[in-house]
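Undergrad: Chains as they are written, first to last, in my numbering: chain H, 1 to 291; chain E, 1 to 317.
Read the hints as simulated data drawn from the structure, not as lab findings. Some hints here could point you the wrong way.
[As the list claims (entries may be wrong)] Distance windows between CB atoms, simulated:
1. V119(H) - F304(E): 20 to 28 Å
2. P209(E) - Q11(H): 17 to 25 Å
3. P209(E) - W158(H): 47 to 55 Å
4. W158(H) - A303(E): 33 to 41 Å
5. V112(E) - P147(H): 21 to 29 Å
On a predicted model such as this, the values are computed, not experimentally measured, just so you know. Every residue gets a Cβ at the ideal spot worked out from N, C-alpha and C, and that includes glycine.
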Amino acid sequence: MRARTLISPAQLGRRRGKILYWTVFGVTMTLFTLVFLGPLYWMVTGGLKTTAEIVQSPPTLVPDSVHPKNYQDAWNVMDLAKLLFNTLYYAFGALAFQLVLDVAAAYSLSKLRPLFGNVILGMMLATLMIPATVLVVPQYLTVLDVPIFERNLLNSPWAIWLPSVTNAFNIFLLKRFFDSIPRELLDAASIDGASALRTLRSVVLPISRPILGVVSIFAVVGVWKDFLWPMLTLPDPAKQTLNVGIYSLSNGVPQNQLIAALTIASVPTLILFLLFQRNIMSGLTAGGLKG
Amino acid sequence: MSAPTLPAKPRQSAPPARKHQLTPRDGSLTRTVKRHLSAHGFLIGAVLCFSFFSWYPMVREFLLAFQKTKDGRTTWAGWSNLTYVFNDPAFWQAWRNTLLFTALALLLGFAVPFLIAVLLNEFRHGQGYLRMLVYLPVMLPPVASVLLFKYFYDPGYGLFNRILGVFGIPEQQWLQSTDTAMLSVVIAATWMNMGGATLIYLASLQGVPGELYEAAELDGAGLWRKIWHVTIPQTRLILSLMFLMQIIATMQVFTEPFLLTNGAGPEGSTTTVVYLIYQYAFNFNNYGGAAALGLVLLVLLAAFSAVYVRLSRASDD
Chain H
1 MRARTLISPA QLGRRRGKIL YWTVFGVTMT LFTLVFLGPL YWMVTGGLKT TAEIVQSPPT
61 LVPDSVHPKN YQDAWNVMDL AKLLFNTLYY AFGALAFQLV LDVAAAYSLS KLRPLFGNVI
121 LGMMLATLMI PATVLVVPQY LTVLDVPIFE RNLLNSPWAI WLPSVTNAFN IFLLKRFFDS
181 IPRELLDAAS IDGASALRTL RSVVLPISRP ILGVVSIFAV VGVWKDFLWP MLTLPDPAKQ
241 TLNVGIYSLS NGVPQNQLIA ALTIASVPTL ILFLLFQRNI MSGLTAGGLK G
Chain E
1 MSAPTLPAKP RQSAPPARKH QLTPRDGSLT RTVKRHLSAH GFLIGAVLCF SFFSWYPMVR
61 EFLLAFQKTK DGRTTWAGWS NLTYVFNDPA FWQAWRNTLL FTALALLLGF AVPFLIAVLL
121 NEFRHGQGYL RMLVYLPVML PPVASVLLFK YFYDPGYGLF NRILGVFGIP EQQWLQSTDT
181 AMLSVVIAAT WMNMGGATLI YLASLQGVPG ELYEAAELDG AGLWRKIWHV TIPQTRLILS
241 LMFLMQIIAT MQVFTEPFLL TNGAGPEGST TTVVYLIYQY AFNFNNYGGA AALGLVLLVL
301 LAAFSAVYVR LSRASDD
C-alpha cells in the first residue's frame, strides 16, 4: 500500500481521473524517454554512420548503412584502450585509498574517540564549506612541489589518489553509519580480547557493507567524471584519463569516430549504473537530507 | 539482496555525551596513552592527506592572494593582486556571465527537477524506470555529454535546429552567438546534472504525510493550493538547502563552458569566474591574481551562505 499523495485515490478512481492519469503518464513516459534516452540513441547510432552521413542535413534517424568499423577506428586512433586503462587505474586506486584511509579515520572518530577527535572532524567538515574550485590553484602548486617531501607529483597517479582521500563527505557518511552500530557489539568484541583493528575487520566492516558500497561507487564515479583536476595534473598524453584524452583529441578526428569514442567512454559508468542502481540512488539520499 | 538499509538519521536520543571510551578503566596512565595513540594511528593517513591537499592549500590560497612571484622569488604584494583583478574588464564580464548562468541554471535546474519530482511521485507505475532515466545523464562522463551536445547544437547538421524547424522556429546559432551561447551552456548543464536534485526531491516528497492532503481537500483545496500549502511547506527544508547548494555549485561552473565553448565563447560571453581563475593561473602564470579572484569568490559565497542561513532561520521562528 503506497502512501497517499497529492491526488486522492477517489479522484483517480473516477473515469475522468483514470483517463487523465493515463494521458499524463503516457506523455511523460514518451517525453522522458525522448529527452533522456534519445541523446544516447543518437550517440550510439551516430557512431555507426559514415563521415558524410553524420554531417548531412537533415540528419537521418536511422543510419543508412551501418559502419561498426568506426568504433574500431576510434578505439585505435584515439588509443582508447590506454585512456580506459588509465581511468580505471586512477579510479580503483582512489577507491582503495579512500576505503582504507577514510574508513579507518571514520572508525577512529566514531568509536575510538581519540583526543582532539572532534576538532579534527570539525576541520575536515570545514573543507566542505570552501568552494572546491577556489582551492584548485593552491592544490596544483602543492602537487608541483609537495612540502617536506619535496616531490613533484605531476603526471603521477598519486596526484589523483592522495587528494581523493580528502573527501569529508565520505568520512561524514561513514562516521554516521558507524555511530549507529550499537556500542554493545563492540564492547563484546573487546571483552573477547579483540584489538581495535580486529574489531573493525570482524565486526564493523561486515555490518557496514551497504554504506561501503555507496562510498565505493561515489569514489569511482567521482574520478570517472572529474575533468579539471586530471587535466591539470596529468599533462602527459600517455597518462591522461578518458575525459581529458578524448577532449584533447576531439578536434583531430572525424566526427563519427569522435561520437563512437564518446559511446565507448560512456559504457563503463552506464554498466556500473545499471548494476548498482539501487545503491546509487539510495546513496544519494543518504546524506540525510530529509525535509 | 534487499535494498541497502541506510544509516539511520543521527539519533537525537544518542547516549548523553558518554564519557569517551578511552578513559582509563583500570586507572593506568600508560594504558590511556596507548589507547589514544592507537586511535590516532587509525586517523593519521587521512589527516596527512587533509594536511597536504586540503588544509595547507586553504592557508596557501590566502597567502597567494597577497603575494607576487617573479623569477622564482616570492614577495609580499599587499592588496595589489586584488586591485589588479578588480581593474581587469574581464573580471566584471566574468561576474556578469556567472550570475547570468546561476540565474538561468536556477530557473531551469531548481524549478524543473522539483516539478518533475512532484509529477513522478504521483505515478503508480513506471516510477523506477522514470527515475532511472532522469539520473542516467549524471552517470555519463562529462566529455561525452558535452561533446554530444556540441554536436546537437551545430547550426548546420545539428539535431536541435531540426527539432525547432518542426515547430516552425527559425534556426539558431546556439553556441556561436552571444545571445544564445550562455543559454545553450545552461541547457546542456541542466540536462547533465538535474538527476541528483530530482531524486533528492522525490525522496523528501515521499516523507510528506498523506493526511495533510486529505485535510486540505476537506477544506476544499484544489491541486495548486495543495502544492502551495502542503507540498512546498512540507519539503521547505530540503528545498532551501538545495537552493543554497545549487547556487554555490553553479557559481563555480567550469567544465561545461570550457568544453562547449572553449571557455570564453563568442566575445567572451561564456567566460565564467572560475574560467578566469584558470586563465590567470594557467595561461598568464599569474598565481597571485588567480588566488585573489578565488578569494573574492570565496568571500562572496561565504557571505551569501551566512546571510541565507540567517534569513531562513529567522523565517523558521
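Undergrad: For every hint, state whether the structure bears it out.
TA: Verification of the supplied hints:
1. V119(H) - F304(E): 20 to 28 Å: holds, 27 Å
2. P209(E) - Q11(H): 17 to 25 Å: Hint holds: Cβ distance 18 Å, inside 17 to 25 Å.
3. P209(E) - W158(H): 47 to 55 Å: holds, 51 Å
4. W158(H) - A303(E): 33 to 41 Å: holds, 36 Å
5. V112(E) - P147(H): 21 to 29 Å: violated, 45 Å
Of the hints listed earlier, the one the structure fails to meet is number 5.
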